[in-house]
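Take a look at the letters that make up each chain.
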Amino acid sequence: MRRNGAEDMSEDDERQQSPRSDLEFTSNKARYCKATGSASDHPDQVLENVLENVLHFLTSRRDRNSVSLVCKSWYRVEALTRSELFIGNCYAVSPGRATARFTRVRALHLKGKPRFADFNLMPPDWGAHFNPWLLAMAKPYPWLEKVYLKRMSVTNDDLATLAESFSGFKELVLVCCDGFGTNGLASFVSKCRQLRVLDLIESEVIHDGTDWISCFPQGESHLESLIFDCVEWPINFEALERLVARSPLLKKLRLNRYVSIGQLYRLMIQAPQLTHLGTGLFSPLEIAGQGDQELDYGTAFAACRSLVCLSGFREIIPDYLPAIYPVCANLTSLNFSYANINAEQLKPIISKCHKLRVFWVLDSICDEGLQAVAATCKELRELRVFPINAQEDIDSPVSEVGLQAISEGCQKLQSILYFCQRMTNEAVIAMSKNCPDLVVFRLCIMGRHKPDPVTGEPMDDGFGAIVMNCKKLTRLAVSGLLTDKAFEYIGKYGKLVRTLSVAFAGDSDMGLKYVLEGCSQLQKLEIRDSPFGDAALRSGLHHCYYMRFLWMSSCRLTRQGCQEIAHAMPRLVVEVIRSADMEMDDFVETLYMYRSLEGPRIDAPKYVTIL
Amino acid sequence: MEGSVAYENDLNLEATELRLGLPGTDEREEQTVSNVRNNKRPLQVADEECGANGKSNTQNETAPHAKAQIVGWPPIRSYRKNNFQPKKSECEGPGIYVKVSMDGAAYLRKIDLKVYTGYPELLRALENMFKFTLGEYSDREGYKGSDYAPTYEDKDGDWMLVGDVPWEMFITSCNRLRIMKGSEARGLGCGV
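So the sequences go chain by chain: A and B. According to the working numbering, the residues represented by the first sequence are 1 to 611, in order. According to the working numbering, the residues represented by the second sequence are 1 to 192, in order.
Hints are computed from structural coordinates only; laboratory data are not their basis. Be aware that a few hints might be false.
[What the hints assert, rightly or not] Straight-line Cα separation of at most 20 Å, DMTMM-like style, residue types lysine to aspartate or glutamate; simulated pairs:
| # | chain 1 | residue 1 | chain 2 | residue 2 |
| --- | --- | --- | --- | --- |
| 1 | B | 81 | A | 202 |
| 2 | B | 114 | A | 211 |
| 3 | A | 412 | A | 382 |
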């Protein structure tokens, strides 16, 4: 996203009142001449001009937050120059307050519901509506170009309004959002003439029956990225083909499961410049007489010389996998997490993927498949292993063997998410030593309270080793049988941990106390089904203002305890959520607590009580 | 944790499990069924989720899973859970293979009903197999919104609309499937 440029300047001059509206970088001397008269009178003004020019280059929001604290003048200038606004919790601040402070925003990044909402732990209609933000931005940000939403509720009307309100709108990314459908998409794409990016990721899209793909405007399109693999409805393929043909800048395309491999072929021929491709079905049409001639898919892949990221592979027929051989050597990212393939089917592919940095896969490949990954993918930075069968207490296709192999083969690993049925402390400790660059360690042993199957011990030592040895660790998710000792380790050594996920773990309040007292960088804490109560929470309260949120469900918090906390901490919003038909129990079912400048929100549904 | 032993894969787990709740109160068991297609996001699956459109509730079956399923555990988003047909080797016993015909298609197909966990999965598989779209199902009007209606021949030889009876009853009484198209399909299910 460009911050300066002649085109911006002329548009700004028309719309904005401030004489310092030009974003172009010029030398200081030229600036004095452009500013209307006051520059040479006030040295402060000069300083502010200089500062403004410098601050345009500051992109990190954490740095910007620090800058804004220096003095009032710096606060003002920083606010003027912030063009990307990130709001980690949409209820922490009101749209009006945000738009009043930051007047020249071009990109908004907004997050709503907490992550546990993804797992049915939060009733629907809880909130996180995009609408108030949209309405608040229409006037102050006429030049808004980009909106990124995560876990927000967006309606069809919102999408239409978005396209209508911002004539230069370019990028929309919706991650884990809901509330909208194909009707809204149709209005959005038809009105958004400058659209470059439309990414729908893991969102629920309602089927209104509209053929939204046909609604893209005619003529050459500016599309650079189109991701719709989460749309669970058929699309008009001919319209898509025409769209791809007239989108010469298209680099990222992720199809949904209603596009067959034969249709994929046709698209790939039109777009050999693609860098990121998500296939639809990785199998052909099945009805006889539909042009069964076997296409040379390998040629289509070979023609895409810039392809670095592959995903999709729905309902895969492994016979078609060899088609991707030509691109394997260049791949940096491969997502097989929808592909039910075994180790033998994986090996010929993975053995060619020397440059792979990101690999998502199903546990159908078993430990043997992971060993193959470890043997080849020396540059691997991120690994995610998902379960085909998400149940507890069944046989484990992947285990400590796979984890050990990965730790030995992929020593540059930074991020891992690993679902399994069994894991040993030994393997986890090995990973902590072999992979010192780990930033994200998320291990999910699917059987609750499962100890180390070899020693019978809890998993405390394994996770302890992770926090001790992985000095860059910022995100941790724990599982298996864990006592308070594990939390003692986390509190003592996890000094950089910002996100912690806990489920079915710990013995007593001490566990939570260790964490709240020890983890000074903790921002997001999500806990479920663990025996932590009011006393633990009280002891760590002072830390809560520094956290974005705290989630505790099915723990041992009482309503009275939560009430006391709400009393003691006026700037925290304390939400008690109960499921729709539940009687008022002594224990609070779900506590969701977050800091906010606005006090209790007004859009809470009736099963949410704000204390 | 002292006293814990290696777990076996059976209900022994309950005896040593950490319990939440005041002493003397019954533990509320959050029962749900994993692998149910959820387009909505219920917090808890109530007993009345049994029905034409979904799986039967595990707590009512005589042969349930070894352990009650817990809401939101393992932490996998529902669209990931709903993406796979379980491998055939995991199904116990022989499959229930039925022929599927579609009006206008050159030849018939055969599918194993045991592979599916409920109507949504079956219907989607049929949509994929024959490349068509079904409308929304409702008790009163059948499949509204498309030219197709999925029907099956039951043990009495009658042609019934797919979706009216509970899933378990359906797969044991279904002899063959036929996807009707056109005016015949629209007639079926309208009025009663």
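task = Provide an ascending list of the numbers of those earlier hints which the structure does not satisfy.
result = Failing hint: just 2.
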